[in-house]
Structures are given as structure tokens and as C-alpha cells.
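Protein chains: 2
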Amino acid sequence: MIGVFDSGLGGLTVVKEILNKLPQYKIIYFGDTARTPYGTKSAETVNRYSIENTEFLLEKGAKIIVVACHTASSVSIPTLKKTFPEIPFFEVVTPSFKQALRLTKNKKIGLIGTRTTVESGIYNQLFSQADPNIKLYANPTPLLVPLIEEGWLKKPETRRIIKKYLIPLKMKGIDTLILGCTHYPLIKKVIQEKAGKRVKLVDPSEEIALEIKNFLKNNPELAKNLEPDGEPEIFVSDITPNFEKIAQLFLGRKIKLKKINLE
Amino acid sequence: MIGVFDSGLGGLTVVKEILNKLPQYKIIYFGDTARTPYGTKSAETVNRYSIENTEFLLEKGAKIIVVACHTASSVSIPTLKKTFPEIPFFEVVTPSFKQALRLTKNKKIGLIGTRTTVESGIYNQLFSQADPNIKLYANPTPLLVPLIEEGWLKKPETRRIIKKYLIPLKMKGIDTLILGCTHYPLIKKVIQEKAGKRVKLVDPSEEIALEIKNFLKNNPELAKNLEPDGEPEIFVSDITPNFEKIAQLFLGRKIKLKKINLE
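So the sequences go chain by chain: A and B.
Using the working numbering, read the first sequence as starting at 6 and increasing by one per residue.
Using the working numbering, read the second sequence as starting at 6 and increasing by one per residue.
Okay, chain A solo, but in the shape it has when bound:
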């Protein structure tokens, strides 16, 4: 069983990609909708929530854990590895970093995401270790999640705000842009349009699914151990009619949410 957690429902874009590329495994998902969003909260609080979410997925039988939340991926991986030393963790940052490194030609890379993701400095750290000539231009874009969750995917207001957020990055001449939040694949087209067609987008949902696929190919023992097959199970810490609508939007199909109280 593959366990996936996120601060809310955005991680279902990751589940969708894993289901595409690895349909043979069962997925169990936890979305922390009662405490969402993580992107405005402190690293200490996000770490505490990440540990609780992981405990829940392990109790349910997960053998590997996918941290689908960019904020948690940016700040909580060291804490999670220390707390659960025997569990393989996957996060959305490293695969996106690697793909951006492959794609860029002029070594000017852009990053958009929540305030906590951008301010964590994790991407800066990875790029400066890999190639000190790379320039990373990051801009926090905290309004995009509420706009997406409002369903305003193509509204003029959303297009204007995206344009406004991308202007400083375009002025730097970036040729690659990392979508540093699992919600953003839903507005990929508008982002591409406003970034310009010469800018290549890095979609973390696709990259992490490929990373897991490779890992399981190289670890056949563990792969055999993952309970095969079965419908994905989606747990959340809070349910509202709007959450059910959003879940369907992100996963691309109808799904029943199950409520669980972690606190």
C-alpha cells in the first residue's frame, strides 16, 4: 500500500499521476482538511502535523510514504526520516529540482509556491549544491490556492493575478518554471500562457510519480510487499460539500471521502 498525505486535497493531483503510472498498487490518502492550509504556518507546526499524518498512514498499512504537500516536503523530511528511520519517504521537491536542472538551458529557473515553501530555501539549497551558476528566482503566490479552491480556474481575476505574480520572474528571463504547489497543475494552461511559451513548466505531480516508479523497479522486494490492487481510499480530517467538489476536480473522477479525526 502506498500512503500519500497532503495538507488538504491538492495532493490528489499526485494520486492521479501515481494511479496513471502505477495502477497495480493500492493508494491510501490522507488530506488534513481540518488544519489546511500548511503553507502559511510555521515549520514547527508543519513538522508536528506531518508526523501525525505519517503515523495514521502507517497504522493503516502503508509501506512507503509520499509527502504530496510542497510545504511539508520543504520543511519536514529530515524530521520524518529521523522519526521513522525505516520508512522510505518520497517528497515533491527533489524530483522537481532534478527535472528543472535537466530542462534549463540559460540556468535561470523560476519557482512559485506558498510563502512557507518559498521561504524554506530548500530549492536554493539544492540548486546551489548542484550547480552554483544556476540562478533561482522565487516568488510566493499565496492567492493561487484560494482561487483554485474557489473554482475560479479561468476567471479574469485569476488570470490577472497569475500575470501579476509572473511579471518579476519573466523580467529575469527564466526559461524554466517550477510549479511549487500541488494545486497548480489545475491552472497550468493559464500559467503557461502568462509565462510565455518559451518557458518550460515543471509539474511536480508527474515527476514524483516517475520517481516512485523508478524506486519500485529498483526495489522489487519492497514492491512485492505493497498490497496490490484495490480502489484508492481517501481519508480527510474534515468534510464539507465544497471539499467533495474540490476532490473530484483534483482527482478527475468521483470519489467518496472518509472522515477521520487525528487529534
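Among the hints, erroneous ones may be present.
No copy is singled out in the list; a pair is fine if it fits within one copy or between any two copies.
Computed cross-link-like contacts, EDC-like style, restricted to lysine to aspartate or glutamate with a CA-CA straight-line distance of at most 16 Å [unchecked claim]:
{"#": "1", "residue 1": "K65", "residue 2": "E238"}
{"#": "2", "residue 1": "K261", "residue 2": "D180"}
{"#": "3", "residue 1": "K264", "residue 2": "E49"}
{"#": "4", "residue 1": "K263", "residue 2": "E49"}
{"#": "5", "residue 1": "K169", "residue 2": "E155"}
{"#": "6", "residue 1": "K21", "residue 2": "E268"}
{"#": "7", "residue 1": "K261", "residue 2": "E124"}
Calculated from the structure, these hints are not laboratory results.
Position chain B relative to chain A; hints supplied.
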């Protein structure tokens, strides 16, 4: 001691008004910034959080509790009164309802707020009991809180979104508009401009402060019992540099936040 809680920092606009009108009492505030916002969450979850927040304030010595959060005011008061039968609770809905009732001439009242506040139907219930001829036109405006917390108080994008949200209410010919969220006093000017100068705004922060003042005048015993004087203490469940900036914006002065973990 007067205890005040909110889902986050918006309730500090209420604290500001209480300090203006009742400077002789000490205020203790709890902002649930680790689980903010409440406005997108279910009534069940909001009830659970409201009980925990009240317990914390009572332990700290509060004798009356002010629910500064519109979402919690809309859904949690019956639960709170049942759980803490001896504590006087104040909430932001009833005073706003009464003031709107006094102000309206054409009996067409508008309401903006989070999805949970608007969908709770609490205002509908109050108005239809008070006067069946009153028509309440409500529109959820979930993007306003993120825009305000981003500090985009006067940006053209914010103005456009406010205009868009108010169009359906203006078309109904409302003459009174309830600002159903403690954040909104910060964008009152733009709201007034977009609503038109003939529309009277109801600011719940002002109304609840007046309500408490009246209550204490009529309950001198209890008033004497409230620990007088002293600087307000502001507790939060999470601290980030951005939260400190927002707190200052809402309270209108510099203040030190103290972190406390409720879970």
C-alpha cells in the same frame, strides 16, 4: 478578564474596538492560527475547536467569552452554552443583526462572509423571526480573507474582486450590508466605494463592543469581578513573521504574540 477567541488574527479588530470602548478591563486573546481558517471547515470541526479555545481562555482566568470569529459565532454558540452553562458568551452575529435591523429602510439587507458563515443560515433565521418582510441577500466571499492577509488592501485585483462579489447584492437594491467577517473592517473603504454611498455598512467589531459595554453596565457584580487593567495578552497556536505583521495591521499597534499548543 475578558476572553476573546478567533480562528486567527481577524478577531484583533474586535479587541481593538473593546479596548477603545472598555479600556478598564484586561483582555486575553486566543487566535487559532495553527488551524486557521475555520470558514471553509465543517460545523462539527468548528464546534470542537471552539470548545478547546474556550477551555484555554477559562483556564487563563477569563470570566466572559467573546467569540470574535463569525464562523464560530454562526455555528458554535449552542454547543458552547451547553458545554459551559455558567459562562456568558458574546458573539458577533446577534449585534450585527440588530444593527442591520435598525438601519434598513427598504428591508433589503446584504451579507458577505465566508462560505460556512453564509451557509449556516443563522442570519436568515434571525431576520425571518424578527420581521418576515425582510429580504436577506447573502453572497459568500471566500477570497477576501486571503487578499487581506496578503496585505493587498487597496490593490486593483482586490478592488475588482470586491466589485464582482457585490454586483449581485447591488442588483437586488440592498440599502444595508453586513460585513460578516472580522477581517473586513480593513477593507471597509473599498467595500463602501463598490457598494455605493447609499448602502450603510454594519461593522460587527463595533457592534459587539457596544453589546459587551451594555452587558457590563447591567451586570455590575460581574463587571467588578473582571480583573481590571493590564496590557492585553495575545496567544496564538502558531507564529510566523507574516502573522506578526498581520496582528499589527489588525490591532493598529505593535504587540508581542505568545505561542501556545492546544492539541
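Status of the hints after comparison with the structure:
no.: 1; hint: K65 <-> E238; in the structure: within (10 Å within a copy, 42 Å between copies)
no.: 2; hint: K261 <-> D180; in the structure: neither (40 Å within a copy, 43 Å between copies)
no.: 3; hint: K264 <-> E49; in the structure: between (25 Å within a copy, 11 Å between copies)
no.: 4; hint: K263 <-> E49; in the structure: between (27 Å within a copy, 15 Å between copies)
no.: 5; hint: K169 <-> E155; in the structure: between (19 Å within a copy, 14 Å between copies)
no.: 6; hint: K21 <-> E268; in the structure: neither (28 Å within a copy, 32 Å between copies)
no.: 7; hint: K261 <-> E124; in the structure: neither (35 Å within a copy, 22 Å between copies)
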